[in-house]
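Engineer: Chains W and L: place on chain S using the hints.
Residue numbers (this note's numbering), protein chains in the order written: chain S, 495 to 846; chain W, 8 to 178; chain L, 874 to 1260.
Since the hints were derived computationally from the structure, they do not count as laboratory data. Glycine included, every Cβ here is placed at the ideal spot set by N, Cα and C. Keep in mind that a hint or two might mislead.
Below 27 Å or equal to it, Euclidean Cα-Cα: the simulated BS3-like pairs (lysine-lysine) are [claimed, not checked]: (1) W:LYS175 x W:LYS45; (2) L:LYS891 x W:LYS13; (3) L:LYS950 x S:LYS761; (4) W:LYS13 x L:LYS893; (5) L:LYS887 x W:LYS13.
The following residues of chain W were derived to be distant from chain L, with all beta-carbon distances above 10 Å [as the list claims (entries may be wrong)]: (6) ALA32; (7) SER70; (8) PRO125; (9) THR167.
Now the stretches of chain W that chain L is said to cover, found in silico as 3 or more residues with beta-carbon under 8 Å [stated by the list, open to error]: (10) 13-27; (11) 50-63; (12) 80-89.
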Amino acid sequence: MREVAVIAFGQTPNRRRELALNEAEMLAPVVAEMLKGVGLSRTDVDFTCSGSSDWIAGYSFSWVTAMDALGAWPPIIESHVEGEAAWALYEAWVKMLVHEELEVALVYGFGRQSMSSPREVMAMMNDPYLETPLWPDTISQAALQARALLDAELCTERDFAEIAARNLRHAESNPLAQLSGQPDPAELLEEPTIASPLRKHDCPPITDGACAILLAAGDRARALCKRPAWIRGLAHRIDVQALGRRDLTRSQSARLAAEAAGAIGGKVDIAELHAPFTPQDWILQRELEIPESTVINPSGGIHQGNPMMGTGLVRFGEVAVRIINGEADRGVAHGTQGPCLQQNIVGVLEGE
Amino acid sequence: MSESQKPVTNISTPVAMHYNYSIGAGMSTFMRAIKEGKLLGVRCPDTGKVYVPPRLTSVETASPMSELVELSDKGVVYTYCIVNIRFYDQVLEIPYAYAYIVLDGADSAIMHLVQECPIEEMRPGMRVQAVWKDSSEWTESMENIQYFKPTGEPDMPIETIMDEIRRKSHA
Amino acid sequence: MANRCAVIGIGQTKYTDKRKDVNHVGLVREACKRALEDARLSWKDIDALVIGKAPDTIEGVICPELYMAEGLGMVGKPLFRVHTAGSVGGATAIVGTELIRAGLHDKVLVLGWQKQSDSDITWALSPNLPFNPPLMAGAGGFFAPHFREYIRRSGAPDHVGIKVVVKDRRHALKNPYAHLHQPTVCFEEIRDTMMLWDPLRFGETCPSSDGACAMVLTSEKFADHGSARPAWVHATEMRSEPTFMPGRDEVNPRAGRDCAAALYKRAGITNPRKDFDCAEIYVAFSWFEPMLAETLGFAEPGEGWKLSDSGATSLDEGGDIPWNCSGGVLSSNPIGASGTVRFAEAAIQVRGQGGERQVDGAQLALAHALGGASQFFAMWIVGSEKP
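The shape of chain S in the complex, shown without the other chains:
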């Protein structure tokens, strides 16, 4: 199988609101800087793929204008995934496995959640006949999952707070992070709940942001990057959506994806888990069998930002850069979409 690696990653600072720039304008400098960093020009990109959602952007065909910002002339080979950009990475990887002439690929994602009410909008990601008319917002759904964990006595609210505290602490060293700090979990627990048992620290921030990754194959990757982060395994799986039809204390599809990607067992120096809500972080640690010694979410995880539809891609980027700069040898990256960890993608990245 052809070797494909992540050779670069870039993102905007994660901000509550980016009013001055539109999505394309946010993305363009990130891509330009990333290409410059590896000495490539836009014409060196053989394939481009993005992930985004028309409903988050607030209009149909919303990703098209982003392409205009990237200098798509002469015409490019380009595709788009409706949803989380980590799946756009999957499409790019698959295409590079098949087409030898594709040596460099650009993958990007963006989301400007400040434009609307994410809780409201994301309620549209449900069964339109039976569920959406009840307006099940993402926080309430995640709260049901948290409640299931508490009722099964698998977790305590303190566990959730500790996950938040860990993310925030790690985010302190991330200049692009939206949230950071050194809170005492006990203090976090004194905050009121938003949707019991979830508190503000258990929930993702509302973020405007854009991110991009460069992939390269084989010797081209070695020529462009001193230590490429090789994709040793990449797989995705999906669970049934309806919350009442699955065990909410589990994410079977995360486990299956991890198994198929070869992420379980072996050395895991770092893991970036796309857990929009802290209880989901706990579930993922269990499903992916993350070893005790692994540093989880060195970037700050969800607390560094939630540029929705790009957040999963950021996880891959954050693992990759730490391999590229020698901080880690082998890492696991995870992305998710769908309520309560319904669909999951897991990748294993490794340096030579």
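Structural biologist: Okay, now just chains W and L, sitting in the frame of chain S:
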């Protein structure tokens, strides 16, 4: 079958979502200028093409663009369409024409209404001029220009103009 | 060296303006079940599903494939969603071929669908963004000025668009799945329909349809498993070009020319008109046929209208290069599926499954899907011989 036994064949869920759009820095520049009655474009440093409305980066080369160019509110019709059908929320009287107009000094075409022109006289190459609302009504909107109307000047060779624009591309 | 990929099962729903009898899952399962039956496989045999659909504003659900995972038999399996505007049906099939060719999976279900009756299609396609005066309303209004420019450039007589429609609608009469079945369709009937966006008449526009189209793609190992001989994928190609490039030529887009040239090079095609037995091309409005004939190399620039005018693209008239024997997009248009339908109908031809719309002895067929402002191109070539 009684009412309660008839199968449910559809449900209607009204949805209203509110979005606060940001038009971005490029369009903001354009809108601030049009509020003052000015039409601004920006020049691509690689091809020399003038984009209207302005953008931060060239669509062809991705180079940042910063050289603002003030444009005339006169231009040439590239191609056009006559609308004969009424659509919801449409306020215009039918038939009406809208056209792609290449403003003098610009390379991209803008789309706008053409009025005060008998439909059968609409043609490519026709010189047109913006008809503005009263300046007291100007806001950050393309609608400060109500429509374009023929100037009566001789037609221009739009095919040649377009070929010249296309020749500026590097690839 | 990539693996070979075969199409061994194809299933479609009868395209219609409103499928009131099924919900989303019911609609797509209908197509999938037919494709599985054709492939002589069951749901559990499928390794992965690639699903394509155009804007989610049409059905009012964000990523509906997620809630449909169970109904699609994909729980515990990989499900992947593509959205590249109108070309999505084709782009989806291409991703499906790549999963096979990469050796990741042996049996992949590819599905394109759209349930346009769920909302207001005109709104969903062109929601009026603030800062832009609402001028054109509807896709036809966007393309009409470019058709006018084509007519001016080529000197094409006005009647050509009408002839294309009559041809496609007559083809549709032979396709039980087509949305529009107009037994009396003739030149005068189309000519006398209302002029909507001059030069485009109502009769020259595609319908708005509900529908789904599915294909089962397999590796070589399972190529003979279907109920008919396989259609082998010879080549695939995609290209995109930007929207706002000054001087952009929407009439003969470079992305289309580049896509076709690259595709033909891969498959050793030197003369599309002669080398292909038939073609399924995304013609949503009449004038796209002569324009795309030029863009895709079937005719010299300025001469595309002659191809349509001469009857060369008509199955009924014994044309040498029938286009859209299925009736094409002009006869059925569930946007997310239409690209898949083109790809599937090309495969139907080389598998000999075309029934009354079959081109005798078809062995090599071209399919094309188009999206956005004539800017997204997805194409494939399928043949009855192994590549």
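Engineer: Against each hint, give a clear statement of whether it holds in the structure.
Structural biologist: Status of the hints after comparison with the structure:
1. At most 27 Å may separate the alpha-carbon atoms for a hinted pair to count; LYS175 (chain W) and LYS45 (chain W) meet this at roughly 26 Å.
2. A threshold of 27 Å between alpha carbons decides the hint, and for LYS891 (chain L) with LYS13 (chain W) the separation of about 20 Å falls inside it, so the pair holds.
3. Taking the CA atoms of LYS950 (chain L) and LYS761 (chain S), the gap is about 26 Å. The hint holds against a cut of 27 Å.
4. Restraint check for LYS13 (chain W) and LYS893 (chain L): satisfied, since their Cα atoms lie roughly 14 Å apart, inside the 27 Å limit.
5. Proximity of LYS887 (chain L) to LYS13 (chain W) is assessed by CA-CA distance (about 25 Å); at most 27 Å being required, the pair is judged to hold.
6. With a minimum CB-CB distance of about 13 Å to chain L, ALA32 (chain W) clears the 10 Å threshold, and the non-interface call stands.
7. The Cβ of SER70 (chain W) lies farther than 10 Å from every Cβ of chain L, with a closest approach of about 14 Å, so its non-interface assignment holds.
8. With a least beta-carbon separation of about 14 Å from chain L, PRO125 (chain W) lies farther than 10 Å from that chain, consistent with its non-interface assignment.
9. Even its closest Cβ contact with chain L, about 12 Å, leaves THR167 (chain W) beyond 10 Å, as expected for a residue assigned away from the interface.
10. Counting residues of the segment 13-27 of chain W whose beta-carbon sits less than 8 Å from any beta-carbon of chain L gives 4, enough to reach three: the coverage restraint holds.
11. With 4 residues bearing a CB less than 8 Å from a CB of chain L, the segment 50-63 of chain W meets the requirement of three and the coverage assertion stands.
12. For a cut-off of 8 Å, the count of residues in the segment 80-89 of chain W with a CB near a CB of chain L stands at 5, and the three-residue condition holds.
The structure fails none of the hints (numbered hints given earlier).
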